[in-house]
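K.L.:
Sequence:
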Amino acid sequence: GTSEHAMAAMRSDEIIEGKDLPLRYAGTSPCFRKEAGAHGRDQKGIFRVHQFDKIEQFVFSRPEESWKEHERMLSVAEEFYQNIETPYKVMLLSSGDMGKVSAKTYDIEAWMAGQNAYREIVSCSNCLDYQARRLKIRFRDKTNEETQYLHTLNSTLVATSRVLVSIMENFQTKDGHIAIPKVLQKYMGKNII
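Residue numbering for the sequence shown follows this note's numbering, starting at 824 and increasing by one per position.
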């Protein structure tokens, strides 16, 4: 699971004042994956594990603003990976690669030097009114006005094990140490481990 589900559900069966939209949240949660290592190449190491921590972005938006919010969430995630100097690319998923809940999904894939490949580290989705209809989350601008379903959006910001792998793979020195990205050095108290 992910904190997306809890953040969506905390407004279930609610009518939100239109002036309060968009509502932007961040959540952190432990996530559990039953099929860890079931994808062949990920059977060893920490890229695909049974349990990891994740920080998620979540937005409740007016329908007419949801595409703008989707791009904003993607730019927040991109800025994070730019700040930690991780080479990445943004991929627009085809409908066959998206879950049924999402109308549009971007993935951010980080370069994994040791694997000589880009690997998914972020998924950023606009679910339109799919979740809001099921959770009965609506909004209106005036009390005597008919309610409308709002749109929900979610995006990974950080899945801890995957960002750790991307740092280790992209910042390894010739002598086997790991250079700490500049933005993290003040938190680590050193520039190399």
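Take the hints with a grain of salt, since some may be wrong.
[Claimed, not checked] Heads up, simulated SDA-like pairs for lysine to any residue below, C-alpha to C-alpha not over 25 Å straight-line: (1) 1013 / 909; (2) 842 / 963; (3) 891 / 937; (4) 927 / 937; (5) 1005 / 927; (6) 1013 / 903; (7) 927 / 965; (8) 965 / 885; (9) 912 / 927; (10) 923 / 888; (11) 959 / 876; (12) 923 / 826; (13) 912 / 1013; (14) 891 / 970; (15) 912 / 842; (16) 842 / 995; (17) 912 / 963; (18) 912 / 901; (19) 842 / 825; (20) 959 / 841; (21) 891 / 995.
By construction, these hints were calculated from the structure, which means they are not laboratory data.
K.L.:
Does residue 912 pair with residue 901 here, judged by a C-alpha cut-off of 25 Å?
P.N.:
9 Å, holds
K.L.:
Would the pair residue 842 and residue 995 pass a check requiring their Cα atoms to be no farther apart than 25 Å?
P.N.:
Violated, at roughly 49 Å.
K.L.:
Does residue 927 sit within 25 Å of residue 912, going by the straight-line distance between their CA atoms?
P.N.:
17 Å, holds
K.L.:
Verify the proposed pairing of residue 842 with residue 825, using a straight-line Cα cut of 25 Å.
P.N.:
With Cα atoms ~28 Å apart, residue 842 and residue 825 exceed 25 Å; violated.
K.L.:
Measure nothing beyond the straight line between the CA atoms of residue 923 and residue 826; if it is 25 Å or shorter, mark the hint as holding.
P.N.:
18 Å, holds
K.L.:
Please verify whether residue 891 and residue 937 have alpha carbons no more than 25 Å apart.
P.N.:
36 Å, violated
K.L.:
Is the straight-line distance between the alpha-carbon of residue 891 and that of residue 995 25 Å or less?
P.N.:
37 Å, violated
K.L.:
Given the hinted pair residue 842 and residue 963, is their alpha-carbon gap at most 25 Å?
P.N.:
9 Å, holds
K.L.:
For a C-alpha distance cap of 25 Å, please report whether residue 912 and residue 963 respect it.
P.N.:
38 Å, violated
K.L.:
Between residue 965 and residue 885, is the straight-line Cα distance small enough, at 25 Å or below?
P.N.:
Judged against 25 Å, a Cα distance of about 14 Å means the pair holds.
K.L.:
Does the alpha-carbon distance linking residue 927 and residue 965 stay inside the 25 Å limit?
P.N.:
Measuring from Cα to Cα gives roughly 30 Å; hence the hint is violated.
K.L.:
With a cut-off of 25 Å on the C-alpha distance, tell me whether residue 1013 and residue 909 pass.
P.N.:
This hinted pair holds, its Cα atoms lying about 19 Å apart.
Of the numbered hints given earlier, the model fails hints 3, 4, 5, 7, 11, 13, 15, 16, 17, 19, 21; all others are met.
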